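Participant: On the provided structure of chain A, position chain B as indicated by the hints.
2 protein chains.
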Amino acid sequence: MAYAHWKSEKREDRAVFDLFFRKNPFSGEFTIFAGLEECLKFLENFRYSESDIEYLKETMPDTVEPEFFDYLGNLSANDVKLYAIDEGKVVFPRVPLLVLEGPLIVIQLLETTLLTLVNYASLIATNAARYRMAAGRRIKLLEFGLRRAQGPDGGLSASKYAYVGGFDGTSNVLAGKLYNIPVKGTHAHSYISSYSSLNDLKHETLKHSETGAEMNLKDVSLAWRSLLAEKLHLIHSEASDGELAAFISYAIAFPSGFIALIDTYDVLKSGILNFCAVALGLNDLGYRAIGIRIDSGDLAYLSCKARSTFAAVSQDFELEWFEHLQIVASNDINEDTIISLNEQGHKIDSFGIGTHLVTCQRQPALGCVFKLVEINGIPKIKLSQDVEKVTIPGKKSVYRLYGADGHALIDLMQRTEEPAPQSETRVLCRHPFQESKRAYVCPAKVESLFKLYWKDGELQQDMPTLEGVRDRVQESLQTLRQDHKRNLNPTPYKVGVTDELYNFIHDLWLQNAPIGNIC
Amino acid sequence: MAYAHWKSEKREDRAVFDLFFRKNPFSGEFTIFAGLEECLKFLENFRYSESDIEYLKETMPDTVEPEFFDYLGNLSANDVKLYAIDEGKVVFPRVPLLVLEGPLIVIQLLETTLLTLVNYASLIATNAARYRMAAGRRIKLLEFGLRRAQGPDGGLSASKYAYVGGFDGTSNVLAGKLYNIPVKGTHAHSYISSYSSLNDLKHETLKHSETGAEMNLKDVSLAWRSLLAEKLHLIHSEASDGELAAFISYAIAFPSGFIALIDTYDVLKSGILNFCAVALGLNDLGYRAIGIRIDSGDLAYLSCKARSTFAAVSQDFELEWFEHLQIVASNDINEDTIISLNEQGHKIDSFGIGTHLVTCQRQPALGCVFKLVEINGIPKIKLSQDVEKVTIPGKKSVYRLYGADGHALIDLMQRTEEPAPQSETRVLCRHPFQESKRAYVCPAKVESLFKLYWKDGELQQDMPTLEGVRDRVQESLQTLRQDHKRNLNPTPYKVGVTDELYNFIHDLWLQNAPIGNIC
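Order-wise, the sequence lines are chains A and B.
Residues 1 to 519 in the UniProt record's numbering are what the first sequence lists, from first letter to last.
Residues 1 to 519 in the UniProt record's numbering are what the second sequence lists, from first letter to last.
Chain A extracted, bound-state conformation (with noise of 0.2 Å):
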């Protein structure tokens, strides 16, 4: 496409493009736009190497002439001008999350990455802040999906972008290095089954954490097993001595960082006992434990049973934090599994999520797409038997109306050339399509939803921190209506033009749609 358009001597032509989704993913009613800054890096590094222009040289057919890859060698993305909303905010159906302005051949070859750049982020990132939202702001969300991504870069993206959307930490240690997010974790079965009995301890001792005296923790958790049975009326010849001995030499290794994976072999009968035994031990030597995972079985019975043997033995022992210790759930856990566990009523702190997080397994994909809406000053505008794939043509501006409560209203999309709404005054909002669909809208507060972001080959806006998209996210969320985010049947948000640029629509439309003949 771009040698055609070279030969064509279109190396002059100026276009504009806007790259957009037209439905929001997972059956919700927002999206949160992530990816910008890779974007930003793409185009600051975009050039065709030497060995790249090799390759083409040999792909493309013999007529193409060798002028074009000398051309392809000088290609660089100085000449565009990319106006962007803040990475980070919520977003709409048909609002331009991107407009690229500049020669028509680099924008094309840009396209693609833009693309995959913004789809997967922003896919991504509202996924993970639907999680939050249906975890509540109390819950710890962890990211654990790196093994179940979708190659070993999708996993990176998915550790960056679920901590953008409102996740705490990951397991995946690279991105904690590359990203300074939060790294999280525990051991896995195969730590805990490694151990076959209390004789594979090849170390038993620690030092208490303010004398320094060292005492035998094996012999101690085993004092408080025994005792612990009793009070709990569990038979401690049913808790394993294997899972037993590998708690205490994870305790051992990680005194004021022991988290145990309990249902290895059964967590009522063994995980719990064991637990609570090696937790009481690591008390006698002045380090608190953590808390539990469960990763089986039925996650709002077992935390309930665990919260209240805590509370039992907080109460026993007179220890007021054993009953706060943590409860980390991760089994197959998706949005709906969050859903109905609060409806069942858990016990859980913290969630660690997988497969359903950076798979999206209930949608996959955003369908963003790239559309030429101007070329060399003329507007354009694609038509479509189905009016939801009719674009919305030239180039645009974009504000947010909000209420006087602080929520949004809508999105308003209108001509460059028309002067922006202002605050306290009456303006007519049209639907881009549906004639009827009309409201006046008087807002409180009006918002220009792009920034230049690039030009001239240069960073146009200082760029936040990950930390701070990462507090864009729920800033902006906060300004959208509960019935827009609600899980069930969400209201839509909504998104218009104003009266000139409905004209300037549908006129065009007139002119570039054939009139049929029917004889």
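Since the list gives no way to pick one copy over another, a pair counts as held whenever it fits inside one copy or between any two copies.
Here are the simulated EDC-like pairs of lysine to aspartate or glutamate, each with C-alpha atoms no more than 20 Å apart in a straight line: (1) K41 <-> D153; (2) K177 <-> D70; (3) K382 <-> D241; (4) K455 <-> D13; (5) K202 <-> E12.
Source of the hints: derived by calculation from the structure; they are not laboratory data.
This one's a predicted model, so the numbers in the text were calculated from it and none came from an experiment.
Facilitator: Using the frame of chain A, we list chain B on its own:
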């Protein structure tokens, strides 16, 4: 986990882990194993860099002993042995794809990366193989998924393993360069709509392929369009001049590679007419067009109309090849669309498939797991309330037994100490968990599935090219009976264990499962 093992002096512990999955994807009864070569590259390059260790020092608790970081700094996969099934083979639930043997700590550190490398590669290769079966051998399948892939590198992996699974090419030029996959593609709707009228054409002439005489392609195409409109009972004023201009410019750039996207305005009233006009114009200049792409509408109907138009032109102007012009279809296609198109009858030669292929929307993750089966020579079983999740303990060999007609009958797992099954000799195969499910099999041929791929830090096998793996997929699928491969209610392929392994599993199970107390 690695530190806890290290701290427990498990540096010398040797373990065996199996990597396998429990359920075939896409409601099917087979899976294509892929990703092995990347696993081996990962083993080759496995090490912690100084900056990795710096990061871990900062991130891990202060109580971690500094010697652990020295240990990490010297780690490699040199002491690991990796056995694997050949990449590209059909594989089945419970049969290990990889077996890793070596230092416990090292193998645990490899786990997640190996899982992510196998999971997605196998998922995509299987998906692609299913599309290939649905489409049949005659049809060309092109991967068009980068824009919707889960991250840019997710897109690269998709291109690679779609090719392995039986696709013919990709629109991802970087994948073409890196993996030597044929690159295919045409222009976008934006290319067509960047031309408003015939005045936008800067060049109109082309040299005859043989005589070199320069002719005006616009003039001949316009003449053909008038003539054709009459012949085909179309109204040539209903055809878009902008579209015609775009086709002409593309034909001038790629006279021997002219393929046109014909649905920007109206396939039947504009696209086909303009395409045929330019194709006949090119023919006057000694070039043959390639064909058309349709990206919307009723693909079955439109492809039949296009084919009948080509046939009519072919007959009217005595151009036999014109009837056989390629028809590419590409709108949101998945396996079910292809099956439905087959039922309706269509004239499509080639599918361009994006979103559904690369994101595997029907099931976006293959659930590979990584389980400890032996430690320090002691076999390990992981028990679970759910029998499906009980692991098959110990180091195992796996044989594929074939019938006299060349079809695979069963995959048989056995303890490594057992002698291999012999052809023409009866062997008792048992279901691993259902006591009464047993059958004698008398194989015509026995194939050992595991090869030693990695030992002493070196590759132990000659690795096939990507092309070789791709061929192996089709060969391997041919050994599978049709009823295992069909789309609707396929028959499960049998995976069994020898009588000795059966008894071994169940003895160990009883030893490890605690006896409950009912009182």
